[in-house]
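Produce the complete structure using the sequences and hints provided.
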Amino acid sequence: MSNASQLDRRAAVAALLKNRKDTLVVSGLGSPTYDLHSVGDHDGNFYLWGAMGGGALIGLGLAQAQPGKRVLALTGDGEQLMGLGGLATIGVARPRNLDIVVIDNQHFGETGMQASHTGRGVDLTAIAVACGFAATGTARTIEEVKRLATEIAGPADGPRLFVIKVLAENPPRSLPSRDAVFIKNRFRAHLGFAAA
Amino acid sequence: MHSPKPNPETRAGDDWPSELYRILKAADVGQMSYVPDAGHSQLIRLFSADRDVTTNVLTTEEEGIAIAAGAWLGGQRSVLLMQSSGVGNCINMLSLSAIGRFPLLMLVTMRGEWAEFNPWQVPMSRATQPSLEAIGLKVMRAETAEDLVETVEAAAALAYDSDQQIAVLIGQRLIGKKKW
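Respectively, the protein sequence lines represent chains D and F.
Under the numbering used here, the letters of the first sequence match residues 1 to 196, in that order.
Under the numbering used here, the letters of the second sequence match residues 1001 to 1180, in that order.
Treat the hints loosely; a few may be bogus.
Said to hold, decoys possible - Which bits of chain D does chain F cover? Going by a derived footprint, with three or more residues having C-beta under 8 Å, they are:
1) 27 to 35
2) 41 to 52
3) 56 to 68
4) 75 to 87
By construction, these hints were calculated from the structure, which means they are not laboratory data.
The structure displayed is predicted, hence computed values, not measured ones.
Quick reminder that beta carbons are idealized off the backbone N, C-alpha and C, glycines included.
In structure tokens, the structure reads:
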């Protein structure tokens, strides 16, 4: 199945987050973490370097604890495929302030670019629809990503999942801190909670 | 609960889920996630009826580890309920709690160790405590209702006030034999 895109992932993430305002962002391990950091480090970022499959669910717990804030889980196709059941859990929980954006290169980029399920016909937006998500969509061009950025700034009736189809490539890594305690305490301080 | 009992300890034993609910509420738990389990059914009912607690039903236990970390990032305390067979699903996700020193409290009802009718529960029962300890959790265990209530109270303080990752194992003898 050939439904790949020519969109550059870094350009896509930069366009998506251009006006993030006070959005809290959790990134899934691998390239989404590097993509998020490449846009600029931010106290409201929580970067995963492991815990594969957990990105969207950390987003759920965070969204439920902070219902007044918009939460974005920025992840990859490989990471989200490992957490497919979590889409059912999020669909049932129905948070109105959680968006999942999958940067989908249709490959497992960290491990040698093997084709992933999304490159073989599995449609994450269709799964999200079946799980009861309030809105879904797919962007393949920078114009579509800009429209998506505008859309997710608006209110939602429930969780939303968007796929951004990007070129399968590994741009130079942009590495945030790997110290999870530091990132955690910085994130909590950003929300006004005392560090441990 | 209103039928005559041979001694007061047995009566207290019947009430342990209510006691755990009271303790967890006193510990300011704002989120509860669970994979359904007969031993936890009363606690699940109590939390689900509580409008001040957000409750998530999971498709698999490791989701609750990630949710608990997200809750803490957002300033809330979360508790996770499962049975011992679900511990095996959690191991990699528990690296998140361990490396991030995220407070974690898991209440785990044991299967496969006492009057178990299903032999398929036995291997994971044996692996529950060693695998939790191997990934860095502190394991506490209770065999009586009184001990359990005290243990969960201590575990909640350790988890949320001292940033510890704790699984409280609830002995199958305490749950009672499954009736079919």
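These are the hints, each one checked on the structure:
{"no.": "1", "hint": "27 to 35", "in the structure": "violated (count 0)"}
{"no.": "2", "hint": "41 to 52", "in the structure": "holds (count 5)"}
{"no.": "3", "hint": "56 to 68", "in the structure": "holds (count 10)"}
{"no.": "4", "hint": "75 to 87", "in the structure": "holds (count 3)"}
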